[in-house]
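The task is simple: from the sequences and hints, build the whole structure.
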Amino acid sequence: MSDATANTVAAQTGEAQFGDYVALLKPRVMSLVVFTGLVGLLVAPGSVPPMIGFAAILFLAIGAGASGALNMWYDADIDRVMKRTAGRPIPSGKVAPGEALGLGIALSVMSVAMLGLATNWVAAGILAFTIFFYAVIYTMWLKRSTPQNIVIGGAAGAFPPMIGWAVVTGGVSIESLLMFGLIFMWTPPHFWALALFMKSDYHKANVPMLTVTHGRAETRRQIFFYTLPLVPVALGVAFTSIGGPVYLATALVLNVLFLKGAWTIWKRPESVAEADEYAVEKRFFRFTLYYLFLHFVALLVEAALRASGLGIW
Amino acid sequence: MPITETHELHKRRFGRNLGVALCLVGFMAIVFGLTVAKIRQGASMEAFDHQPRVSITPPVEGNQ
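Protein sequences, first through last, are from chains A and B. Under my numbering, the first residue of the first sequence is numbered 3, with each subsequent residue one higher. Under my numbering, the first residue of the second sequence is numbered 27, with each subsequent residue one higher.
Treat the hints with care, since some could be wrong.
[As the list claims (entries may be wrong)] Simulated restraints on C-beta separations:
(1) A:265 to B:61: 53 to 61 Å
(2) B:38 to A:265: 53 to 61 Å
(3) B:83 to A:311: 40 to 48 Å
[As the list claims (entries may be wrong)] Over the 12 Å line for every Cβ pair with chain A, so calculated as not near, a few chain B residues:
(4) 28
(5) 31
(6) 79
(7) 84
(8) 85
[Unchecked claim] If we take Cβ atoms under 7 Å as the criterion, some of the chain B residues that face chain A in the derived model are:
(9) 41
(10) 42
(11) 45
(12) 56
(13) 59
(14) 60
(15) 63
Keep in mind the hints are simulated off the structure, nothing from the lab. The model shown is predicted, which means the values in this text are computed figures rather than measured ones. Idealized CB from N, CA, C, for every residue including glycine.
Structure below.
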């Protein structure tokens, strides 16, 4: 048996390296979860000891990673078809599907139990619901059945700041709901911009993304119309206890740019987009990442100003 | 009986085993750190221990 054959056999029997298991936890998604969860924790009124805060964010990240592993287990068939996801541990044969399922369930239970013991059961309850929502509601149900998949499924990615907030306060408030709303409303335009330039992948996998079911022109229109409710939510945060003039100024600039970008995409003919290889759509997609990041950075700045006695409202 | 011979499998799985070991050590460190943090916070250090403990029994009216 040659080395190449031996490696293939090893891969098919789930002979994975440690890094392959880490890849199952979707580290890039985890980084967004860690960042928004940390901001939720830092802007909340009150404080927790650094060790408890660190553990809370760690278990939040592990919980998010566990739902990623469950997602990869269930979606292995469509991941195999799409170019973007074909290299993931299961479709590439490095990790056996059963291993991913086992890891996902074990880490889910462990992260929720540990978050509950380390902080409180409201935070742990929201984390448990987030994992359930992402793995069952989004992955198993919505993703393959409706073009609204990412509209509703986006809620899973929006819970982390609420969890961070609950770690400190033990509850839910208008501030944490608005942080949830900001990510929730941001998700559709963000993902539809991606779907516009990842065109063949979703078609091939038969995933009913809006581009597949309603066409590209309609997707462009929907990006703009879903941006409209995002703006008041983003600006509304400024007038709560975690907002302030720095956040308001940042949000005003970013939302004007977001609206302008969404309008440009709506009015752009598909032929022009194809000719320049979706340059505007790709730029808008990158901008949406900065948009969310900078809103949360502005919230951190406001928290720092308040802590140093410079908060204005 | 100690394993004296290193099989090819041991070499192949070294990275993976090391990763698991480090995760376990990390987990122990976190549980220890959390315990210290909770105790410093003044969390309850007494709990049910299979026998009645006066210090954690709720006071009964009329007995005080």
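Status of the hints after comparison with the structure:
| no. | hint | in the structure |
| --- | --- | --- |
| 1 | A:265 to B:61: 53 to 61 Å | holds, 55 Å |
| 2 | B:38 to A:265: 53 to 61 Å | holds, 56 Å |
| 3 | B:83 to A:311: 40 to 48 Å | holds, 46 Å |
| 4 | 28 | holds, 25 Å |
| 5 | 31 | holds, 20 Å |
| 6 | 79 | holds, 22 Å |
| 7 | 84 | holds, 22 Å |
| 8 | 85 | holds, 27 Å |
| 9 | 41 | holds, 5 Å |
| 10 | 42 | holds, 5 Å |
| 11 | 45 | holds, 3 Å |
| 12 | 56 | holds, 6 Å |
| 13 | 59 | holds, 5 Å |
| 14 | 60 | holds, 5 Å |
| 15 | 63 | holds, 4 Å |
Checked against the numbered hints above, the structure breaks none of them.
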